[in-house]
Amino acid sequence: MLAELGLESLDDLYAHLPEEVLLREPLKLGPGKSEYEITDYFRRLSGRNVAGRPCFLGAGAYCHYRPVLVDVLVGRGEFLTAYTPYQAEISQGTLMTIFEFQTMLCQLTGMEVANASVYDGSTAVPEAVQMARRITRRDRVVVANTVHPEYRQVLETYARHQGLETAVTGYVRDTGMADLEEIERETDERTAAVLIQSPNFFGVVEDVRQAAEIAHAKGALLIVVFTEPVAYGVLEPPRQADIVAGELQSFAIAPSYGGPYAGVIATRQKYIRQLPGRLVGRTKDIEGRGAYCLTLTTREQHIRREKATSNICTNQALVALMATIFMTVYGKRGLRELAEQNLAKAHYLAGKVPQKFFGPFFNEFVAHSAVRKPAEVNARLMERGIVGGLPLGRFYPELEDCLLLCATEMARREDMDAVAEAILGR
Amino acid sequence: MIKKARQHVSQNESLIFERSSPGKRAYQLPPLDVPAVDPKDALGAGNVREEIGGFPEVSEVEVVRHFTRLSTYNYAIDHGMYPLGSCTMKYNPRVNEAVAALEGLRWIHPYQPDESVQGALEVIAALENALCEITGMDAVTLQPAAGAHGELTGMLLVRAALEAEGRPRRVVLVPDSAHGTNPASVAMAGYQVRNIASNEKGMVDLAALEAAVDEDTAALMVTNPNTLGVFEENIVAVARILHAKGALLYMDGANMNALAGISRPGEFGVDVMHLNLHKTFSTPHGGGGPGSGPVAVKKRLEPFLPLPRLVNEEAGWRWDYGRPQSIGRVRAFYGNFGVLVRALAYILAHGGEGLRRATLDAILNAVYVRKKLEPYYELPHKAPTMHECVFSDARQAGRGVRTMDIAKRLIDYGFHPYTVSFPLIVKGAIMIEPTETESKQELDLFIDAMISIAREAEENPELVKGAPHMTRIRRVDEVTAARKPVVRWTREEEK
Amino acid sequence: MAATYPENYRYTKEHEWVVVEGDTATIGITDYAQKELGDVVYVDLPQPGDSVVAGKTMGSVESVKAVSDVYSPVTGEVIEVNQKLADAPEKVNEDPHGEAWMVKVRLSNPAEVESLLTAAEYQSYIEGSES
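Residue numbers (our numbering), protein chains in the order written: chain A, -7 to 418; chain B, 12 to 506; chain C, 4 to 134.
Source of the hints: derived by calculation from the structure; they are not laboratory data.
Heads up, some of the hints might be wrong.
[Unchecked claim] With a cut-off of at most 30 Å between alpha-carbon atoms, the simulated DSSO-like pairs for lysine-lysine come out as follows:
#1 C/Lys87 <-> B/Lys495
#2 B/Lys309 <-> A/Lys276
#3 A/Lys25 <-> B/Lys451
#4 C/Lys68 <-> C/Lys38
#5 A/Lys276 <-> B/Lys51
#6 C/Lys94 <-> B/Lys476
#7 A/Lys262 <-> B/Lys495
#8 B/Lys51 <-> C/Lys107
#9 A/Lys262 <-> C/Lys16
#10 B/Lys310 <-> A/Lys20
#11 B/Lys212 <-> C/Lys59
#12 C/Lys59 <-> B/Lys438
#13 C/Lys107 <-> B/Lys438
#14 C/Lys87 <-> B/Lys14
#15 A/Lys20 <-> B/Lys438
#16 B/Lys212 <-> A/Lys276
#17 C/Lys94 <-> B/Lys495
#18 A/Lys344 <-> B/Lys383
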């Protein structure tokens, strides 16, 4: 090939670059490793992590069983190594699975349209808020502090330079629910949206109907965030919300130390043109066959550039596909049964320990650990090979003697008994 | 003659909902070892939903067949070349998948105590170091989830650094050849976009830049090599002009596949840049994500990086949240860890010399394709090509054949199209990036296909304009899809 | 065949047209604009009660692949918006100078219409840019 190009060596290929930009010595990265050396390297690192043990952490990432079919199907090269479906004629596989995803997310959340996924739940939040701003043409948001603390931090980072005014409201001491009276006082005619999470960060189910009335009374939108979609197998979805934004990691996306995950934003049909992220639509080809394609692309960055609804270029296609397969495997009855098992497990554990809040909860709740400090509880459990809950002091100083515990369908009775014992100081 | 593709019988498959039937199931949960709980008691009667209307009910074999059949409707790298300019569609090594699936890397919760995930923290540290080495920058954040996310993060870092010096300034300059995420990200960071024209070589016009940069300019966002695949020969001068006025140079690292191992942005004046792990570093595109968009910075910007940062102490690696100047978080947790593992595996597999070699092969392939196609397609910019080349449809347009038509006809030849109509500064753009993955055989098949299509455009333009002819479905009606969007399946009862 | 640009309309270089009756201006985009855009899929317009300012954007027109800003040729208050375009954006392609009018504005300064291009001036402007 070099000969055909009239070149002597590969180095001629960059000979035209200015001298000053060229590397003077090779990269200090060592020699290339063989497949065996690579797998060995990662196996050793993997071995230094505590994994595959009973785990009672939730707080935005959940330990659910992952059906084997997921890896079998997403591992297919046609899904794994395919590009974004811009060329519809040779991407119908990806497009159809995304269309199914969009449909199932509507069915799950009670909304009318859903996008093709966004990076994760935390970045879905500022995108949803921006949507509310565009729709209402207002610049203020009221945020309950029962929304995941890290999600609120992300909102803050995005909002700082976009002229968004934020008011943070508290929670009711005994129920653990967002303080709706405070929200009502804070919501005014300048408010674009009220933002709550349900089940909230403490695992407590919010009164979505009431929150919607409060928001709508002042012409604001209600945004409901979720981090645990399995809840909606049994929990009534937030049908009164205007925008629903959430995290789908529970649906066959392994915890993977925090990513990659997949978020979603869903809304009413009338707001479809304000929805950020990709959308797949149904259409026909020139011979009348049913077909799918990316649509409403003019909202997106590659056309609108600085006036885009967002700068998002990707969805989380492969990860969203895992969620789609999960929802298909479990299906209508399976997701209900799975949710009911989660409910049973968490309520069993909650029955054995002092609870901080009395609001209704799904698979997470706050345990009060006064006999033994949370860090000590977790240390005891780790000795027994169990990963304990989240000490809440890091996010809520007033709850420093509390532990956020999550029990999913994978929690075994004997491990829950051990957790209870550790908390009670036995 | 079409050599790489033939028609063959493939299964017809509709949506999963149309295959559904009450009572079918693909799951089985173990029996409860604790008492069951009535949802109405636990949640309150008003909080319990009815069944999830319309959700699928199918058997396991139906799940397998459904998704397998759908997968056969896709083209993928595993089938053949994607000449997509600016996307770097290289082979996705399967060893990356194998290591990412290791239990100790996959089944770790982000809130596990630092001491229980030292292996994971080591992965993050190793990748941060490797990316610093490759880019010649001083520090890296792996938090951003994708390139666009990295761009926004980079812009927020620019703002924070300038604010710390007194004022954030108001304007960011963006070349008219830039990728659409660039101006969108700038706007999201609260800056105004000002477009800057390219010169006749398709590079940043130094005189125009000199005139445009003032005390109100925060930064220039540049891609190097630019979106024409051409190295910005004046990049050092560009950096000097900006720095003289206290502005910063941001580099969109989407084209790192032309630089890794031969040139380091940190050494030609870049202050902040992002990388696309799903491009240069081989992590799979997965049909449109997940990606990862690390941001690398010079020391000056290090204090502003998103928190937390990894620090190495006697007891081991630890996340440090004590970062008062940080811009905060750009997402929950730490980054797309699963993608980071894959990128690190890729870097380890190549090593320093291997990365350099991959870059040279990528450039060689693009230069080869350009030489072979130059007699047939218009080449608007003649500067030396690096890893991608840009033609236009000017010669074919006279017969009514446009870049989109040529792209669609390429599908019949067994390839995915190249990048159509981008960059915007070339009318009717045909942007080709072969990557180092492709052998001469695959390239020659592609070149033959393009030459054949050029001939067809001359002799039988209708054939090209009506393409593709051999696919399951032909061109779709995007107009109706946008006028009357239908973005979900609906049950008969709901219609 | 060349399109007819009504004589009693006025035009802008951004390809809007305006026709005045009393102090009410009716505004739309020209045949040249709709040809450039291709099949129109959506029209984004202001609401009655909104103010518009001559030379500033007041909405946009979308095709599948592009979005074009619509600039108001005049200053005033929007009094009526063409609801038909929400369901039938294709009217912009079919009858850009008639059925696909976009907004009616109560003019705060009727004299400013005089400085816009006449049909003849607009026609030579677009012919100039086509050569």
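Structure-based check of each hint:
Restraint check: the Cα-Cα separation between C/Lys87 and B/Lys495 comes to about 14 Å, which is no more than 30 Å; the hinted pair holds. With a C-alpha separation of about 51 Å, the suggested pair B/Lys309 and A/Lys276 falls outside the 30 Å cut-off, and the hint is violated. Our distance criterion of 30 Å between C-alpha atoms is met by A/Lys25 and B/Lys451, whose separation comes to about 25 Å. At most 30 Å may separate the alpha-carbon atoms for a hinted pair to count; C/Lys68 and C/Lys38 meet this at roughly 13 Å.
Note on A/Lys276 and B/Lys51: the hinted pairing is violated, with a Cα-Cα distance of about 45 Å set against a maximum of 30 Å. Proposed proximity of C/Lys94 and B/Lys476 is supported: the alpha carbons are some 27 Å apart, at most 30 Å. A threshold of 30 Å between alpha carbons decides the hint, and for A/Lys262 with B/Lys495 the separation of about 12 Å falls inside it, so the pair holds. For the hint pairing B/Lys51 with C/Lys107, the CA-to-CA distance comes to about 56 Å; that exceeds 30 Å, so the pair is violated.
Restraint check for A/Lys262 and C/Lys16: not satisfied, since their Cα atoms lie roughly 34 Å apart, outside the 30 Å limit. In summary, the hint linking B/Lys310 to A/Lys20 is supported, as the alpha carbons are separated by about 20 Å, within the 30 Å threshold. For a cut-off of 30 Å, the pair hint linking B/Lys212 to C/Lys59 is broken: about 34 Å separates their Cα positions. Note on C/Lys59 and B/Lys438: the hinted pairing holds, with a Cα-Cα distance of about 28 Å set against a maximum of 30 Å.
For the hint pairing C/Lys107 with B/Lys438, the CA-to-CA distance comes to about 37 Å; that exceeds 30 Å, so the pair is violated. For the given pair, C/Lys87 sits about 51 Å from B/Lys14 by alpha-carbon distance, which is inconsistent with the 30 Å threshold. For the suggested pair A/Lys20 and B/Lys438, the alpha carbons sit about 42 Å apart, so the restraint of at most 30 Å is broken. Taking the CA atoms of B/Lys212 and A/Lys276, the gap is near 42 Å; set against the 30 Å cutoff, the hint is violated.
Under the criterion of a C-alpha separation no larger than 30 Å, the hint pairing C/Lys94 with B/Lys495 is consistent with the structure, at around 14 Å. A hinted pair counts as satisfied when its Cα atoms are at most 30 Å apart, and A/Lys344 with B/Lys383 does not qualify at roughly 75 Å.
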